[in-house]
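Visitor: Going down the list, the sequences are from chains A and B. Residue 1 is where the first sequence starts when you use this note's numbering, and the numbers rise one by one after that. Residue 436 is where the second sequence starts when you use this note's numbering, and the numbers rise one by one after that.
Errors might be hidden in some of the hints.
To be verified - Simulated crosslink set (DMTMM-like; lysine to aspartate or glutamate; CA at most 20 angstroms straight-line):
1. A:K366 - A:D166
2. A:K6 - B:E446
3. A:K125 - B:D479
4. B:K603 - A:E216
5. A:K168 - B:E860
6. B:K441 - A:D12
FYI, nobody ran anything at the bench for these hints, they're computed from the structure.
There are 2 protein chains.
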Amino acid sequence: MAEPRKILLGEDELPSAWFNIVPSMPTKPDPYLHPQTREPVGPDALAPLFPMALIGQEVSTDEWVDIPGPVLDTYRLWRPTPLIRALDLERALGTPARIYYKYEGGSPAGSHKPNTAVPQAFYNKQEGISRLSTETGAGQWGSALAFACARFELECKVYMVRASYDGKPYRRSIMETWGASVIPSPSPETNAGRAVLDQDADSPGSLGIAISEAVEDAATREDTHYSLGSVLNHVLLHQTVIGLELKAQLEQVGVEPDVLVACVGGGSNFGGFAFPLLAEKLAGRRTTRVVAVEPTAAPTLTEGRFEYDLGDQAGMTPLMPMYTLGADFIPAPIHAGGLRYHGDSPLVSLLRKEDHIEAVAYPQSKIFEAAVQFARTEGILPAPEPAHAIRAVIDEALRCKEEGSAETIVFNLCGHGHFDLKAYEDYLSGNLLDV
Amino acid sequence: MAEPRKILLGEDELPSAWFNIVPSMPTKPDPYLHPQTREPVGPDALAPLFPMALIGQEVSTDEWVDIPGPVLDTYRLWRPTPLIRALDLERALGTPARIYYKYEGGSPAGSHKPNTAVPQAFYNKQEGISRLSTETGAGQWGSALAFACARFELECKVYMVRASYDGKPYRRSIMETWGASVIPSPSPETNAGRAVLDQDADSPGSLGIAISEAVEDAATREDTHYSLGSVLNHVLLHQTVIGLELKAQLEQVGVEPDVLVACVGGGSNFGGFAFPLLAEKLAGRRTTRVVAVEPTAAPTLTEGRFEYDLGDQAGMTPLMPMYTLGADFIPAPIHAGGLRYHGDSPLVSLLRKEDHIEAVAYPQSKIFEAAVQFARTEGILPAPEPAHAIRAVIDEALRCKEEGSAETIVFNLCGHGHFDLKAYEDYLSGNLLDV
Numbered sequence: 001m002a003e004p005r006k007i008l009l010g011e012d013e014l015p016s017a018w019f020n021i022v023p024s025m026p027t028k029p030d031p032y033l034h035p036q037t038r039e040p041v042g043p044d045a046l047a048p049l050f051p052m053a054l055i056g057q058e059v060s061t062d063e064w065v066d067i068p069g070p071v072l073d074t075y076r077l078w079r080p081t082p083l084i085r086a087l088d089l090e091r092a093l094g095t096p097a098r099i100y101y102k103y104e105g106g107s108p109a110g111s112h113k114p115n116t117a118v119p120q121a122f123y124n125k126q127e128g129i130s131r132l133s134t135e136t137g138a139g140q141w142g143s144a145l146a147f148a149c150a151r152f153e154l155e156c157k158v159y160m161v162r163a164s165y166d167g168k169p170y171r172r173s174i175m176e177t178w179g180a181s182v183i184p185s186p187s188p189e190t191n192a193g194r195a196v197l198d199q200d201a202d203s204p205g206s207l208g209i210a211i212s213e214a215v216e217d218a219a220t221r222e223d224t225h226y227s228l229g230s231v232l233n234h235v236l237l238h239q240t241v242i243g244l245e246l247k248a249q250l251e252q253v254g255v256e257p258d259v260l261v262a263c264v265g266g267g268s269n270f271g272g273f274a275f276p277l278l279a280e281k282l283a284g285r286r287t288t289r290v291v292a293v294e295p296t297a298a299p300t301l302t303e304g305r306f307e308y309d310l311g312d313q314a315g316m317t318p319l320m321p322m323y324t325l326g327a328d329f330i331p332a333p334i335h336a337g338g339l340r341y342h343g344d345s346p347l348v349s350l351l352r353k354e355d356h357i358e359a360v361a362y363p364q365s366k367i368f369e370a371a372v373q374f375a376r377t378e379g380i381l382p383a384p385e386p387a388h389a390i391r392a393v394i395d396e397a398l399r400c401k402e403e404g405s406a407e408t409i410v411f412n413l414c415g416h417g418h419f420d421l422k423a424y425e426d427y428l429s430g431n432l433l434d435v
Numbered sequence: 436m437a438e439p440r441k442i443l444l445g446e447d448e449l450p451s452a453w454f455n456i457v458p459s460m461p462t463k464p465d466p467y468l469h470p471q472t473r474e475p476v477g478p479d480a481l482a483p484l485f486p487m488a489l490i491g492q493e494v495s496t497d498e499w500v501d502i503p504g505p506v507l508d509t510y511r512l513w514r515p516t517p518l519i520r521a522l523d524l525e526r527a528l529g530t531p532a533r534i535y536y537k538y539e540g541g542s543p544a545g546s547h548k549p550n551t552a553v554p555q556a557f558y559n560k561q562e563g564i565s566r567l568s569t570e571t572g573a574g575q576w577g578s579a580l581a582f583a584c585a586r587f588e589l590e591c592k593v594y595m596v597r598a599s600y601d602g603k604p605y606r607r608s609i610m611e612t613w614g615a616s617v618i619p620s621p622s623p624e625t626n627a628g629r630a631v632l633d634q635d636a637d638s639p640g641s642l643g644i645a646i647s648e649a650v651e652d653a654a655t656r657e658d659t660h661y662s663l664g665s666v667l668n669h670v671l672l673h674q675t676v677i678g679l680e681l682k683a684q685l686e687q688v689g690v691e692p693d694v695l696v697a698c699v700g701g702g703s704n705f706g707g708f709a710f711p712l713l714a715e716k717l718a719g720r721r722t723t724r725v726v727a728v729e730p731t732a733a734p735t736l737t738e739g740r741f742e743y744d745l746g747d748q749a750g751m752t753p754l755m756p757m758y759t760l761g762a763d764f765i766p767a768p769i770h771a772g773g774l775r776y777h778g779d780s781p782l783v784s785l786l787r788k789e790d791h792i793e794a795v796a797y798p799q800s801k802i803f804e805a806a807v808q809f810a811r812t813e814g815i816l817p818a819p820e821p822a823h824a825i826r827a828v829i830d831e832a833l834r835c836k837e838e839g840s841a842e843t844i845v846f847n848l849c850g851h852g853h854f855d856l857k858a859y860e861d862y863l864s865g866n867l868l869d870v
């Protein structure tokens, strides 16, 4: 038999704890601040929105956090995920580089998002909460939370940006199939929504407005908490199940990665994928390059400023120390909806600021060129977000070809593109907005 | 750790040969006949359409057919597929039955169809063919063949029923992303298409017309062969990779199935899933019940006649001995497009005629009720076709509950429903055509 395409782990090799990178960081992140007082935000201020278990994880200095049994039970539906050697892409590029990808598209929602949606639903259930509220743009996060809430028999309320609600009805259907209640935002059900509708009854909405509605919903109901799909430390913590599996898989075949690549929006797929190996780099035990890839339409890490900024447009969130384009920045409507964020994870931001990771940005046309090349060689149709990672991987592999350097490049293919065919249609028909 | 949810095989346990059930059948199938002469059709008559390797497989009496290395190499992208214990569905039903499902939705196309598209592309490439033509209704088969042709660098021409071409543009986009050329049928490019357009320039097309166009395309070009996604013996042969893996997985955990369940349209997912175990039943080595599930809108096995009939409406195919509703039967437009076929695999038909398998039919509303229950308990959103199997499995599990019988039920979940969200939307909003 030829070298195996897939490096698999058994179910009994599923990590039993998540990895917290904070103890490994040479500089520790500064605290979140209250937007008015600019005082550090304490646990009590967050308690109306999050269960204490997640608030504890947000500020934890423990290196390991045990994964609860019921969360592992659900992870087992699709985890451990495969690490796949991209032999045909290598061949097509004529590169001496070896390319591997961790594939997260096999989850029920088609992306990595359930890795954190499941524990978030679990901890809320455990604290006696019966209902979660959240916002969703294109729908990936809302889908993942709807799936997780169905697993733990929680009600799920999703405020979906109206432009997507009207334009992507199928994304709404998948959430409703899992039992979630989906409402277009701005809605008449919240003060925040009504205020917008009073000004403009036909408002297409925005992620910023939807966040405000979801937070208000949770803050004003005893039975309800709020749930966020990226950016925060506890979200990245949950996603490290990806990187821990990756580490075990690379060790299984004795492969040492030279370059790790992942796309960055809020930072959760990037952090979850890279942190376990990055920590060993911080400890001087490896020299792996770690590359974050973002769209030129939202060039947070490559062109943003590192400063305290709000997580949303409306000012409902604490101030966080991060790279930001400004809380009122509205990115162009690129298809990679998951990367259209003005800020970034405070942990990823700090690691970038101190040059432990690199960052690069690409325009949309270059992204889809790479996505189509990948689909035609490797078969899997990537979502537009991980296609950013693929673009950078192809460019690194072409550099290796020029240099005659047999490096090992590993990236995170964090979701399939079966929900994104309109994007491919636009690209193939020459109608892609080239930003 | 609790009992594992997933029973996995290593890549080195991928079957190295397909299984042919014909040697195990007590009665052998009668030959295909020429529609005019009613004489048996010889290999030469099929040579303009298929490579000799596939024609040989169509009439093979060998029990095993080696899987070529390049086909195995591509299978390895997503195979072996997992066998999953439906613990949460069992719990929700309160049944003593144990339920397992083989999951084929992890392939790049999202269904079992690539299992045969890949070898079909390979054998054609090997015979010097540079282009394949085929038809597609909703798009699953066209997608799988587009994917396979990209792997072996063949051109791929898909005649897509115009109603779907216009109504399901995303299905077209996935084929085009893999490099296929997709044209609405009826088209002005063939005599068959032009004849229809002359009568009705706005014809919405039909699968029958699209088959005629694809067959004419292949028959009139030296560089082109035709490719079919179900019904024929060689297609079912390739799909037995599913059932062979299943057999190894059940043996690995020492589980003896009492009931096997799969949906039936043309019969390829059913045959591929059930034949390896069914052969042991035919040999008297097990007593497993084998249940085929079809829609009441196309009740071929439950209400059809067993007789020689055409495979298409236009009369381009040989006569095949099978259960049929008549070659001019037009099923209601149910969402399970893959099950809207007037006939059935001759092998499946003969096995049904001799009572080696059972058959049951369900209306669409009962199907989606089961699909939503499955999605909310097990997480995976099934395509409408395998939701037929799920309906029957739930009913068998409820019978087990009534009888207090701890039977083991295994079914084939042959594709995910991420392309079928319009169907779920119709069901959830009460707009489902209840046939």
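Visitor: Each hint: holds or not?
Guide: Hints and how they fare:
As the CA atoms of K366 of chain A and D166 of chain A are separated by approximately 28 angstroms, the hinted pair breaks the 20 angstroms bound. The straight-line distance between the Cα atoms of K6 of chain A and E446 of chain B is roughly 7 angstroms, inside the 20 angstroms bound, and the hint therefore holds. Under the criterion of a C-alpha separation no larger than 20 angstroms, the hint pairing K125 of chain A with D479 of chain B is inconsistent with the structure, at around 67 angstroms. For the given pair, K603 of chain B sits about 38 angstroms from E216 of chain A by alpha-carbon distance, which is inconsistent with the 20 angstroms threshold.
A distance of roughly 12 angstroms separates the Cα atoms of K168 of chain A and E860 of chain B; the hinted pair therefore holds under the 20 angstroms criterion. Of the pairs offered as hints, the one joining K441 of chain B and D12 of chain A holds, with about 11 angstroms between alpha carbons and a cut-off of 20 angstroms not exceeded.
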